[in-house]
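K.L.:
Residue numbers (the working numbering), protein chains in the order written: chain A, 1165 to 1385; chain B, 1165 to 1385.
Just so you know, these hints were derived from the structure itself, not from any lab. Computed from a prediction, not measured in an experiment: that's the story for all the values here. Fair warning: there could be bad hints in the mix.
Any copy will do: because identical chains look the same in the list, a pair fits if it lies in one copy or spans two.
[Stated by the list, open to error] Each computed BS3-like pair below joins lysine-lysine, with the alpha-carbon atoms no more than 25 Å apart:
1. LYS1246 x LYS1283
2. LYS1195 x LYS1283
3. LYS1195 x LYS1246
One letter stands for each residue in the lines below.
There are 2 protein chains.
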Amino acid sequence: MPRHTPHLYLTGPWSGGQIELGEQDRRHLEKVLRLERGAAVTYTDGAGRVGAGVFDGDVIERGSERPLDRQNELTVAVSPPKNNSRLRFVVEKLAELGVAHLVWLVTEYSEGRPPRPEKAAAWSQAALEQSRGAWLMSISGPLTIADLDGLGTPLFADHGGGVVDDLHLIADPVLCVGPEGGFAAGEIPDDAIRLALGTTILRVETAAVVGAALLVSGTSQ
Amino acid sequence: MPRHTPHLYLTGPWSGGQIELGEQDRRHLEKVLRLERGAAVTYTDGAGRVGAGVFDGDVIERGSERPLDRQNELTVAVSPPKNNSRLRFVVEKLAELGVAHLVWLVTEYSEGRPPRPEKAAAWSQAALEQSRGAWLMSISGPLTIADLDGLGTPLFADHGGGVVDDLHLIADPVLCVGPEGGFAAGEIPDDAIRLALGTTILRVETAAVVGAALLVSGTSQ
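Work out the full structure, taking the sequences as your base and the hints as a guide.
P.N.:
Spelled out as structure tokens, the structure:
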């Protein structure tokens, strides 16, 4: 199998010709990826800058670097699923898809709790490296639906909702995904956009990923 | 939280006014869902027929039944991920989305192995009940790319591929998702359609779900 060049998340800002590796990164590169000194790597600060450099044991020798344009500024607000593997799935998959912001949403029927922030950040960082991205997904909350005011245009994932054409024309979309029990009566603001995600009933984490995929690709049904 | 009426997968064909419950189903309804005798349930044979009936301890009393039209005949051929939770994810999420057939695909760089058939079937059945579907996803393979001939129109998920308009016009689409290492040079037939799934690099299971979601919704990017 062809081997991909490892892609590393290394917090910035960087200065000088080298980036110091933390103990954990060094161990990961040596023990897990079995990188030898002199091996090529790519790296990102998670804020849009990517570079190509060389692993040199304790440091990365910096090479050519460039800023990348952000592809989207999608926010996904999700009521946390109860199960840990489903929580992890939400974080990992949304980060892979290049979602900009994940917000944990508290609604009337919410039952799950957000993961510990350090745990969620580690999942998000691993997905950034895996997907060779340049932007680290931010994770915040818990917020209520009212708290989302001002973040962008809310779109509520709703089985009874409609097909939305030209999703890519919506400025700063905020996809809101409720808990297994759905949103309570009256919880979705009257004037909000309701977005149906296919014809089947989806679990919370599936709705979040499918909705994000449609928004990233700019279309619904 | 409002409680959904339980939706049960009960293998057909049914005859007479009652459907006998297996030991496992009965235990699940009594112990896990804590259903009382006389409770309303819906049920399906997984072959397009759904009904509304009543739980009566050892049997389901059959009520009104009707056949449902199939929404799609999507086949997804996936190189199995190595990790068990990712394997489960593929089966569960594709079943939730209403994919008709899942085929395990063997390619040059495939590393994972398909799950045991009984295990995969149990995941698929649970997702059918969860998503309140009427069609049980079939699971088969492992097959090679050559073996897929005749199953439909292959579409290869490929980071270097293009945007495909009017995906819903493709007859009997067979979405092919390769392993982490990608397809080998020459492995994708020259005349095949290559479908890009967004701008980031996706894991196998993410590509399968995102690709299926776009095909179910009939659009790409």
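K.L.:
Each of the hints needs a verdict: does it hold here or not?
P.N.:
Hints, one by one, checked against the model:
1. LYS1246 x LYS1283: Close inside one copy (15 Å) and across copies (23 Å); limit 25 Å.
2. LYS1195 x LYS1283: For LYS1195 and LYS1283, the Cα distance is within 25 Å only inside one copy (22 Å; across copies 33 Å).
3. LYS1195 x LYS1246: between (34 Å within a copy, 20 Å between copies)
Checked against the numbered hints listed earlier, the structure breaks none of them; every hint is satisfied.
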